[in-house]
Amino acid sequence: MLLEEYIFAGFGGQGIMTIGQIIAYAGMLQGFNTAWIPSYGPESRGGTANCNVVISDELIGSPHTHHPNGVIVMNAPSFEKFEPMMAPAGVLVVNTNLVPQRSERDDLTQVCIPTADIALEVGHPVLAAVAGLGAFVATRGVVEDTYMEKGIDWALPAHRKDMLELNLRAYHEGKKAAEAQLKKAAK
Amino acid sequence: MDTVTLEGTEYNVLAKRPESLTDKPFTYCPGCNHGTTHKIIAEVIDELDIQHRCIGIASVGCSVFSYEFFDFDFISVPHGRALAVATGAKRMRPNAVLMTYQGDGDLAAIGTAETIHACNRGERVTCIFVNNAIYGMTGGQMAPTTLLGMKTTTSPLGRDATRIGWPIKMSEMLSPLPGAAYIARVSMHDAKHILKAKAAIKKAFRAQLEDKGFSMVEVLSNCNVNWHMTPEDAVKFVKEKMTENFPLGVYKDVWEEEKAAKQPKKEEG
Amino acid sequence: MSDDRVFMKGNHAACEGAYRAGCKAYFGYPITPQNEVTEYMSAHIWEHGGTFIQSESEIAAINMIMGASAAGARAMTSSSSPGISLKQEGLSYIAMMELPMVVMNVVRCGPGLGNIAPHQGDYFQATKGGGHGDYRLITLAPNSVQEMAQYVYDAFNLADKWRNPAMVLTDGTIGQMMEPVDYTSMPWMEPPDKSEWQLDEFQDGRKRHVLTSIWLDPADMAVAHEKLIAKYDKLKKEEVRYSEYRTDDAELLVVAIGSPSRVTHSAIRILRQEGLKVGLLRPITVWPFPYSAIREYADSKHVKAILVPEMNWGQMIEDVKLAVLDKKPLHFVPKHGGLTFTPEDLTEPIRAILENPDNPDTLWRVS
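Protein chains in written order, with my numbering: chain V, 1 to 187; chain H, 1 to 269; chain U, 1 to 367.
None of these hints come from the bench; they were simulated from the model. Certain hints may be false.
Facing chain U, from chain V, some residues (calculated, C-beta under 10 Å) [as the list claims (entries may be wrong)]:
#, residue
1, MET1
2, LEU2
3, ALA24
4, TYR25
5, THR34
6, ALA35
7, THR48
8, ASN52
9, HIS67
10, ASN69
11, PRO84
12, ALA87
13, LEU164
Simulated DEER-style distance windows between Cβ atoms [as the list claims (entries may be wrong)]:
#, chain 1, residue 1, chain 2, residue 2, range
14, V, MET85, U, ALA352, 30 to 38 Å
15, H, GLU258, U, ARG206, 45 to 53 Å
16, U, ILE229, H, GLU47, 44 to 52 Å
All C-beta atoms, glycine included, are put in the ideal place defined by N, C-alpha and C.
Pulled out of the complex, with its shape left as it was, chain V reads as follows:
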């Protein structure tokens, strides 16, 4: 049985909610059952925001996850909150531009990516979360790129389709950076 449980976390406005929706939607296209749920309300306005994503080949029970096997942390408070909760053998993507901490746990796969730098290189600061998502998929490859690309397109509103190319590039740049890092670690 496949049971993927992710938490993506950061500041409100970083695009955290959207990258969660993208991978949940892409997972659905690939044929899985998927669920996405935000931390909603005042705590998601301006402060820290997070969302849960569950992907499974069976009926999904709880949409909330308390022991995620995949986490993206886009800011420092999120690292403090979610890194200790992670299930063994989980995957942790750390945005090094805003997160000074590094995991000391040896039961996790940790990838440290400067998502804001990648976003600026590609052309727009808003792309940081998508770069983080690319790094995440490189490390936990459950959902395939063809569906992820469709998910990125789906998440862009009609009046922002001009941003599609940049988003796809940021996704793949994030992915490449993670792959390079994983390759290095394997050596």
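Fit chains H and U to the known structure of chain V by using the hints.
Using the frame of chain V, we list chains H and U on its own:
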């Protein structure tokens, strides 16, 4: 001319009960103006030929059973909510003619929010607001429109502004709202004023039929029983005291405004 | 897997279910966590020939719905707990006048302002009438985004079939989450003909229609009551719905609704791997409640105990108790404050109950 034969003798019919009223005799107290108000509304509806597309909203108060007297579709609704119910029905049936019939407690106390917002949205409904300055149905308690000094079962020493505020003036309150098409205050204290009231009610329905906006006629009425007056004194009280506190007149007339807007502006000299 | 799946929020899917059922009126007032319903309705109901008003209050909204329903339209409002309290007056009149309509409660934590986290504190209100007087709402309890759409759709059909208000009772988790939805089980439909009783502009040549909830003479009111009660009795026989998961051999039966029923699902999968026989009975209609189905399990040889997890102080468990009586030990696991269950919150007490069916830690007593 219509004729009718009674006990072998043929008579000409000079006047009859309006079609828009049922055969049920009014059950209101002797001297109360509800019956006459019902009758002139029914006459207006007959004259406008809208009986079969009228939907009435009965509120809570003495007129809670008004649906027994008006002969068209009717719904009896919670206290104060008539204009919200009318809103929902009118939005679903724009070709129906919606009338609410409400008292002062219903419209100006518990239903104040519904009243203001139906008017402000310019709902195409017609509101007949009967103001007799007291809660009749529940036995003579103070109304939002009770005059200062008036004794009621809940203002036994007389209404005191410092404790409970002043009689609320709904026509004055609603008429500045852009959604209002026609707002008038009339009185039922004599035949001349009853005819004026009928003309105002007709205009209020026309505002709805011509898609102008919200319309309300505030009808000053009496409650001789709970005012503890003879019917004659009660009528006198309406004429002298009620109209003094609640000045009669047209507070909003969309046709007059349209006319004024069309007239060429005089150059300032 | 069907290719017709779309990925949506529960609150949005509820609107799509309403459109497909022919809903032409939505009147509502903003409140978290159901704002997405009001927002989505304001943007899209026009595409389906309907009307939206952001009302001045929840009270006004329910009364506007009363008017739209009386005029023959399929009409819906929604809110979250504090707003649903305000709608109770209108629901009482609507029930007595037998007006079909749908109201959805995306329950948050109370009493008072409480907070906006998911909760189940409004179960009594939803299933025992809610406003003044003796009446019931047909109440459906979805636990997924798919069911949010489906049960709003079904609620419209049930409301019209029985001329009774219907409620969709869910919690913030189900309203806020996104999941795939397949609408093929919800074909677009036109509202049924209600010309026999609706208020309209076609009165020429027919008797007038009057809708009222007042009968001053107690003898007359008794007749009106009896008519309602006869309807409710029939509803109880014909419309009870529930689902079962691995109950055939269950030694411990969990009865749960809403998001706790999903956590139960996760817990059962974990416990079954350990060889523990646990099953879930999930009421879909919480009124009428599936008393008989639960009673059968209470009577069965294989069930040793029954557990009810709720995000409240114990409400649905009173209905379960009416079904179980003293036939089997009944256990309660609560969650307070708007916190949500984890599977561990359930697996630990379940293991303990299976070891000792009378385990005092979770045993629920009437007093």
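Quick rundown of the hints versus the structure:
no., hint, verdict
1, MET1, "holds, 8 Å"
2, LEU2, "violated, 13 Å"
3, ALA24, "holds, 6 Å"
4, TYR25, "holds, 4 Å"
5, THR34, "holds, 7 Å"
6, ALA35, "holds, 5 Å"
7, THR48, "violated, 16 Å"
8, ASN52, "holds, 9 Å"
9, HIS67, "holds, 9 Å"
10, ASN69, "violated, 14 Å"
11, PRO84, "violated, 15 Å"
12, ALA87, "violated, 13 Å"
13, LEU164, "violated, 18 Å"
14, V/MET85 - U/ALA352: 30 to 38 Å, "violated, 25 Å"
15, H/GLU258 - U/ARG206: 45 to 53 Å, "violated, 38 Å"
16, U/ILE229 - H/GLU47: 44 to 52 Å, "holds, 46 Å"
The structure is inconsistent with the numbered hints 2, 7, 10, 11, 12, 13, 14, 15, although it conforms to all the rest.
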